[in-house]
Amino acid sequence: MRRRGRSAEPAELLAAHAAGGLDPEEAARVEAYVAAHPAARAELDQIARALAEVRAAEPRLASAEPDWDAMAQEIRRACNDEPDAPPPGWKFWRWRATRPAALAAVGGLAIAVAIVALARSHEGATVPAGDEAASARARADASAAAAEVGSDRGDRGDRGDRGDRGDGDDRGDRGDRGDRGDRGDRARDGAPGAAALADLSGDELDRLERTLDQDEPEEAFVADLLAAGRADPGSADVAEIDPAMAERAAATDPAGAAADADSDEPAIDAFEPPDDLPIDELADQLPDDAIDAIDRFLAEVHAG
Amino acid sequence: MSVALAVPLDMRKLAEPRARREERDGVAAAVAERDAALIERYRAGDRSAFDELVRRYQRPLYYLALRYVRVEADAKDLAQRAMVKAYGALAGFRADSSFRTWLYRIAINLCLNHLRDRKREEMRPELGEALAAPASGGERALIDRERGALLRDAIAELPPKQRMVLELRIYDELPFREVAELAGCTENSAKVNFHHAVKRLRTIMGGGTP
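If you read the protein sequences in the order shown, they are chains V and S.
Residues in the first sequence are numbered consecutively from 1, following this note's numbering.
Residues in the second sequence are numbered consecutively from 305, following this note's numbering.
Simulated from the structure, these hints should not be mistaken for lab results.
These numbers come from a predicted model, not from an experiment.
Beta carbons: idealized from backbone N, C-alpha and C, even for Gly.
Mixed in with the good hints, there may be bad ones.
To be verified - Here are some, though not all, of the chain S residues that point toward chain V, as calculated from beta-carbon distances under 8 Å:
1. R473
2. D476
3. K495
To be verified - The calculated label-pair distances, taken between Cβ atoms and stated as ranges, are:
4. V:A32 <-> S:R351: 52 to 60 Å
5. V:A35 <-> S:A377: 47 to 55 Å
6. S:G349 <-> V:E9: 17 to 25 Å
7. V:R55 <-> S:A377: 35 to 43 Å
8. V:A303 <-> S:E477: 46 to 54 Å
9. V:S63 <-> S:G396: 36 to 44 Å
10. S:G392 <-> V:A42: 15 to 23 Å
11. V:P24 <-> S:A377: 41 to 49 Å
12. V:A64 <-> S:R359: 17 to 25 Å
13. S:D476 <-> V:D81: 27 to 35 Å
14. S:D457 <-> V:A35: 34 to 42 Å
Go ahead and model the full structure; you've got the sequences and the hints to work with.
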């Protein structure tokens with residue numbers, strides 16, 4: 001959505017006011033202006049008359065209207081003849097297949113930042129090996145911190161067009177989801193990717209996040225991952241990523257599944273979630289292994 | 305030629321009350337919601353959902369194109385092409401704007417390309433053939449028709465953005481937010497352009513000062 005920009009002078013809003021197109025605040029401002037300037041009142045009257053004339057001069061057909069049913073049929077035929085008309089939703093599914101990885105990366109970022117922050121605040125302290133309670137508390141702390149980071153990030157910036165992405169709690173949930181996997185453990189183990197992510201500045205994190213709002217975010221997104229040292233070379237196969245998904249794909253499209261099995265190319269398109277699954281819940285449905293594999297796949301695509 | 309405004313008007317009837325504006329905004333939101341549901345159905349594989357979109361938009365697209373090209377056959381062709389183009393691109397529609405805004409943008413681009421490809425001098429001879437004021441008898445009606453034709457010419461001569469803003473608001477009754485998206489400007493800029501368009505028309509038609 002475009003920003004509204006600077007506020008216009010009331011004198012320049014008279015026509016929009018006469019056309020009933022102003023917000024209540026703007027309309028009140030113009031009304032006050034008109035009340036204080038008799039000339040403006042006269043101009044408003046003239047504008048209203050002019051608008052009435054413009055409406056009355058609306059182009060009309062000299063002949064009868066087209067046959068709308070026939071026209072609709074022609075359009076339908078033309079659509080059916082479209083050689084390049086893609087099957088409904090193919091691009092949508094491709095986006096669905098890639099966006100979870102992007103969303104997962106944000107969750108991973110939040111976790112990594114939270115864990116490093118916790119590690120710094122507890123510098124010197126160690127968790128006794130096998131101490132389940134302490135470990136659980138540490139994970140809970142990390143989860144809460146990640147949720148907080150997610151909330152903060154969700155609240156920042158102009159996300160008016162995408163309420164789903166601007167929902168801080170949603171981000172927090174994703175951070176929590178990430179904590180259930182092995183990302184936190186990897187960070188504690190000193191995995192280079194997590195450490196590199198933790199070193200990203202706020203601007204870099206924002207830049208990475210902004211790539212998620214782009215139409216085709218893969219390249220920019222993967223570039224950021226590579227720059228962060230998080231992406232690893234590797235390949236992804238649908239069966240390796242999630243055997244259950246492979247089974248579902250085989251059940252719905254046996255030929256396609258067979259072709260995928262015979263192909264060397266990663267079968268990323270097989271990640272077709274249920275129709276009724278909201279896009280932002282998709283990441284929550286995927287296991288961490290799948291997200292990692294998708295990350296690797298994207299990195300490989302970018303590198304190759 | 306300057307013709308004095310002679311239409312008796314009641315300001316209370318002309319100035320849109322706030323309720324009307326709110327109603328219009330509500331309608332725009334309902335339209336966007338309805339279209340989004342149809343697109344979801346189409347993406348789920350229901351082709352009839354797109355047919356429904358065609359039925360809903362072919363008429364406004366036709367009149368939108370007619371205002372630009374002023375030739376019925378061309379307007380029909382352009383409206384059809386806009387729908388077919390939308391069909392081909394619907395899979396990539398990201399809903400950053402409403403479907404209606406997106407579709408109108410496609411149609412306007414097609415119209416502008418069409419006009420670019422044909423010189424305006426070639427279009428004018430067909431003007432009278434395609435468009436006409438409401439037919440009625442009497443001297444008063446004749447004057448109104450002439451004045452209407454003059455006004456349409458004056459609108460066609462407006463700077464492109466002013467013309468687009470004026471027509472989308474008056475004839476298509478779009479809220480300024482959508483008008484701004486289509487015109488590629490801010491909402492404020494759309495309102496200011498609208499004001500200057502009306503002001504210029506008043507000047508041309510003799511009802512205002514430059």
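Proposed interface contact between K495 of chain S and chain V, which counts if any beta carbon pair is under 8 Å: The hint holds - K495 of chain S has a Cβ within 8 Å of chain V, the shortest such distance being about 4 Å.
Starting from the hint 47 to 55 Å, judge whether the C-beta atoms of A35 of chain V and A377 of chain S obey it. With a Cβ separation near 51 Å, A35 of chain V and A377 of chain S satisfy 47 to 55 Å, so the hint holds.
Just to be careful: measuring from the Cβ of D476 of chain S to every Cβ in chain V, is the smallest value less than 8 Å? Constraint on D476 of chain S not satisfied, violated at 10 Å.
With a cut-off of 8 Å, does the beta carbon of R473 of chain S approach a beta carbon of chain V closely enough for the hint to hold? Cβ of R473 of chain S sits 6 Å from chain V, so the hint holds.
May I ask you to test the hint 34 to 42 Å on the CB atoms belonging to D457 of chain S and A35 of chain V? 36 Å, holds
Go ahead and decide if the range 35 to 43 Å is satisfied by the Cβ distance of R55 of chain V to A377 of chain S. The hint (35 to 43 Å, Cβ to Cβ) is violated, given that R55 of chain V and A377 of chain S are roughly 26 Å apart.
Outcome for the supplied range 46 to 54 Å, where the beta carbon pair is A303 of chain V and E477 of chain S: At 52 Å between Cβs, range holds.
Is 17 to 25 Å respected by the C-beta to C-beta distance linking A64 of chain V and R359 of chain S? Hint holds: Cβ distance 18 Å, inside 17 to 25 Å.
C-beta pair P24 of chain V, A377 of chain S: status relative to the range 41 to 49 Å that was hinted: 45 Å, holds
Between A32 of chain V and R351 of chain S, does the C-beta distance stay in 52 to 60 Å? 54 Å, holds
CB of D476 of chain S to CB of D81 of chain V, is that within 27 to 35 Å? Holds, since D476 of chain S and D81 of chain V (Cβ atoms, about 29 Å apart) stay within the stated range.
In this structure, is the beta-carbon distance linking S63 of chain V and G396 of chain S contained in 36 to 44 Å? Because 37 Å falls inside the window, the suggested range holds.
The earlier numbered hints that this structure contradicts are 2, 6, 7 and 10.
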